[in-house]
Structure formats: structure tokens, C-alpha cells
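Visitor: Chains X and Z are the protein sequences, given in the same order.
By the numbering used here, the letter at position 25 of the first sequence is numbered 1343, and the numbering carries on one by one without gaps.
By the numbering used here, the letter at position 251 of the second sequence is numbered 257, and the numbering carries on one by one without gaps.
Just so you know, these hints were derived from the structure itself, not from any lab.
Just so it is clear, CB atoms sit at the ideal spot from N, CA and C, and this is done for glycine as well.
Incorrect hints may have been included.
Just a few of them, taken from the derived set where beta-carbon distance is under 7 Å, the chain Z residues facing chain X [stated by the list, open to error]: (1) Ser165; (2) Gln171; (3) Arg172; (4) Gly246; (5) Ala305; (6) Asp349.
Listing some non-contacts, in silico: residues in chain X with all C-beta distances to chain Z over 10 Å [stated by the list, open to error]: (7) Gln1417; (8) Arg1449; (9) Leu1457; (10) Glu1483; (11) Leu1506.
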Amino acid sequence: MRRQIPLVIALVAGLFGALSYVIMDPVIQGLREQMLAWLRLLSAFAIGLGIASFLRNHGNKMIRQVPGWAFNAVAIASFLVMALVGLFGGIDEGTLFRQLFDYLQAPMEATMFSLLAFFIASAAFRAFRARSKEATLLLGAAVIIMLGRVIDVDWLSNITEWILEIPNGAAQRGIVIGVGLGIIATALKIVLGIERSYLGGE
Amino acid sequence: MAGGSPRAKGMGCLKSPFGRIYVVLPVLLLTPLIASAQSTEYLYPLVDLPSAPPLLVRAEDVPDDTGERLALSWTRSLDDGGGQNNVVSYIIQRKEVPDPESGEGNQTDFAVIDEVEAGTSSYTDSSCEPEHTYVYMVAASNGVAVSYSRPSEPAEARSHFFHSQRWNTLIGIVVITLLLVYFIYSARKGKDLFIRRIAGLDAVEEALGRATEMGKPILYVSGLSTMADVATIAAVNILGQVARKSAIYEIRLIVPCYDPIVMAVEREVVKEAYLDAGRPDAYNPNDIYFVTQSQFAYAAAINGIMLREKPATNFYMGMFFAESLILAETGASTGAIQIAGTDAVVQIPFFITACDYCIIGEELYAASAYMSREPLLLGGLKGQDWAKFIIGVLIVIGVITSFFTTWFSDLFIVG
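Turn these sequences into a full structure, and let the hints steer you where they fit.
Guide: Structure below.
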């Protein structure tokens, strides 16, 4: 019974979701909107689970004073400060919450994003080696595209665009078609109860 | 002075004081009038001419909806972009009328529902009630005066049961479902189904063995999406297999989560896997925890875990975005063996570059069937492959026919 009820819910919800894509009856569409609204509500309430896990995880490490526990204290303090400042001071433009977000959090995220430039360089240095025919082809294409993006020469730009639009585009479309089919098949298997791994166990 | 010309006679009256009055009096009377006509305040207000009205207002039902939309179109005023060129906006008015055939329905007065800028000749009214009939008028406004069009013919906002432009999607789903059911049925009857090797999935056993030998934990990252994403569901499926083996080999499994609901599901999956392996005592729920829902904060946290815990094996399974290379490069720098699997097409090259094994696109969805070798799941995989073959054939036919006609490719347009 413990596994039958979720399977029935998955079957009913899955079939309803698929049919509501093609059936435009106002009652069906209204129910669909309700379902989506409930999904959003569940997601919003689930953040409470996340907060509990976050506080427990960092709190345990602080209490046990594991190496580096000061950073766990900083994490909890940051969470509490942002939550309290947002609750009591508001989150509109000009509030302390927005200032903390704009001048602390956003620059930190931008810093992490900017690491990509260095990581791309190190990954390219490792990957672009002419070890085989395919690797040589990859190296050649990468050189052309990198130069084509930097140097403003018509014929080079044209070759760059051709590589990106034709062979690269074809490969991407092939993967996307396979991914689309995989999504349909996986969704059907879940709706029909064939795929049950998400319930845990066999 | 008798005689003389009539003109002389007329002019002669001016010599008399009384005669002068006949000249002066009218001038005295007319002077205020002339003066007031030259002042800024007019005795009679000037009338601003309205613009020419819009013409041919038509209202039609919008198809394939739930009956809340009517589409309006009209011919723009002659003074919009021409003529006086003074149209500022169009004011749209609507009234409800009884249905002309059945006579049922309300009768209301015209009310303004919206105002659109000059140059517009169409509008979609999305505030209709289903199965109600409406009449529209469009007025051209020049900021001072308005001029109304003739009312449109009555139009009924009808709800449509079936979306007529999505029939091809429905047929596609039915065909794929039938293929899946056929091959699943064949698999249940014991038919042997061949599945090609997927190197990334074969390497899972090798990666877990490495972690066991080194005595180091496994890090499993299930992506930055929610349970609504099929890639995340596939990642959770693989986690179940990895967790079962981790329990048997007594390896610590660390699962930092991006989404709280995914965390809850993964805890259950790992717990059941440890139970199935007969090692419920080894299950530690504190190793499956929520980190943050901020993309780069999550990447920073995962990097920190990799640098501190130094896992022997890193799994990246699910949906990833710009942080994929940050994770993979940091993991490579710690010397871990890395297996990645994603359906995010633009992130696959980064994982191929930085990871030891990469599961591309739909191979991720095949992982559950591949690793478990369950006949039902293998049958579903076969059906999926046949569906891809059919799509390939349709693409070739579409390319060839597109040289002559668009009829075939138009069949696959979805509204």
C-alpha cells in the first residue's frame, strides 16, 4: 500500500498533465492552473526543510568544533542576518537587505563566475592535444573559432560561423532530439509505474 | 449749394455735427468687437476637428483557447500616419449583447476596456467570458476629441475542447507509447534485448572500487534542478545504484543538495538502498544535506567539500549550468576520478574535457535500465531507440520534400 498510493498519484497526475496539454476545456485548464499553483506552494514550503537541514548541518559542526568550524558560524550568522534584516527592514530598493545583496552577495557570485575564465584556459590547455585524428580535428576547430572570435577578418568570421552553425549545430540537434525522446520515454515509464527508483528501493 | 454729385451729397453730411454721429456711432459700437476678436479669449470657442474614425472593425474568436479571448482588427484612421496625422491613440470599447441565434445573454452598455497607441490595427481582448457575445467599437483619439467607428458584428468567445494545432503532438505520444508498450511486453516474455556498452556507466564499479581501496568518500552531485526535471529523476535513479554499492563496500557517500525536495527524495532513496544492502546501520542522514539555492554559492560549497574531504570519486549527474566547469576542474585538481552525466547540451563539452567519463544526453536516462538490467526497463529503452529511428526517417523525408513543398514539414508545426 505504501508504494501503491504514490504510483496511483503519479499515474493520475501524469495522465492529467498530458491530456491538459491538448484539451482546452475551461474546467480542465482551471484544474491544471490549480495543480501548478500547488506545485509552486509546495516548493515554497519545502524551503523550510532546506533551512532545517542547513542549520542542523552547520550547527552540528560548530558544536563539535570540527576544523574550520568558524566558517560554519559565519554561514549561520549570514543566514540569520539576511533573514532578520529582510523581515524587519524590507527588501525594496535602498533597504539594508538590498545593500547587503548588491554589495556583498552579488559581487561574490560574480567572482565565482569569473573563475570560469581561468578554468576554461586550464581545461583547454589539457584537452586540446593532437593525440588522435579526432583530437586533432577538435584542436583545429578550437583554434579557428578562438581566432575568429577575436580577429575581425571576414573570411575567418565566416568559417567560424559555419563551424558553429553547421557541424556543431547538427551535433547539438542530434543530442537534443535524443534528449527529448529520453524525456518522453522516462516520463511515460514513471507515469505507467515501470520506473520506480524515485520511490526508493526495488 | 444745390445740385452736385450724390457722392458729394453723401460726403456733405459729414460737415454737419449730427451727420458725423452716423459715422462715429457704428465705429464706437464695432470697436469692442474688433478688439475682442484680436484678444486671446474668443467670443465663440473654436472647435478642434476630430480625426477620421477607424474603419471595418472586426471581432473574431481566437481558436484553441478556453473561451476568454477575442481578436479585434480594424483599418487605421486616415489621420494616422497621414492626413492630419494627429491620432494619438485608439480607445477600445466593448459591450455584451445577447446571442443573435438563441437570444440568451446579457445586454450592457459600451465601456472602455483598453487604449492602444497610434499605428496599431489589432488587439486581443483576453477578458471575455466563455460563450458570451460581444460587440466592439474603436475610437480614434487626437488628445482633444474622439471619433468612433461603426460597431462591429457580434462575436462569441467560444471555448474549444481540443487544441487543433497540437494533434501532431498527441499522435506522436500515442505512437511512442505503443512502441514502449510493445517492447516492454516483448521483454516480459523473455526476449533478449541487446543494449550497447556505455563506458561511463561501466566505470561506476571501477570508481567505487577505487574509493574503497583509498578509503576516501564518494561525492555525488545531482545537479542544480528540481524533481520536476527528468535529468534529476535520472540522477536520483543512479544514486540508488551507487548508494547500494557504497553500502556493500562501506564507503562514505556525501550528497550535497541544491533543492530541498530533491534532498528529501535522495535521503529516502539512499536509506532504502542501505536497507536493501543489509547495512541500515551505516546510513548517515547528515551526509545528505541541503546547501543553498544560489548557483555559484552552491558551486563554492561543492568546491570546498572537494578540497577538504578529498573524495576519491566525484559523480556529477543531472542538470548543470555555468558552474559545471568550476566543479569539474576543481575535482580534477584533487586527483579524483570523475564521472559526469547531463542532458544540458552546452555543458557536455566541459564535462568531456574535465572528467574521466561522460554520459551524454539520453544515456543518462538509460542509466537506470543499464545498471539494473531489469527487463521492463530494457524494453522501454528499446522502444525509445525505435522511436528515434522513426524520427530520423521522418527528418530525411522532410529534408527531401522541402525542396518541392512545405506540406510535409508543416505537419510537424506545433501551435
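Visitor: Taking the hints in turn, state whether each one holds.
Guide: Hints, verified against the model:
no.: 1; hint: Ser165; in the structure: holds (5 Å)
no.: 2; hint: Gln171; in the structure: violated (10 Å)
no.: 3; hint: Arg172; in the structure: holds (5 Å)
no.: 4; hint: Gly246; in the structure: holds (5 Å)
no.: 5; hint: Ala305; in the structure: holds (6 Å)
no.: 6; hint: Asp349; in the structure: holds (4 Å)
no.: 7; hint: Gln1417; in the structure: holds (18 Å)
no.: 8; hint: Arg1449; in the structure: holds (13 Å)
no.: 9; hint: Leu1457; in the structure: holds (12 Å)
no.: 10; hint: Glu1483; in the structure: holds (15 Å)
no.: 11; hint: Leu1506; in the structure: violated (6 Å)
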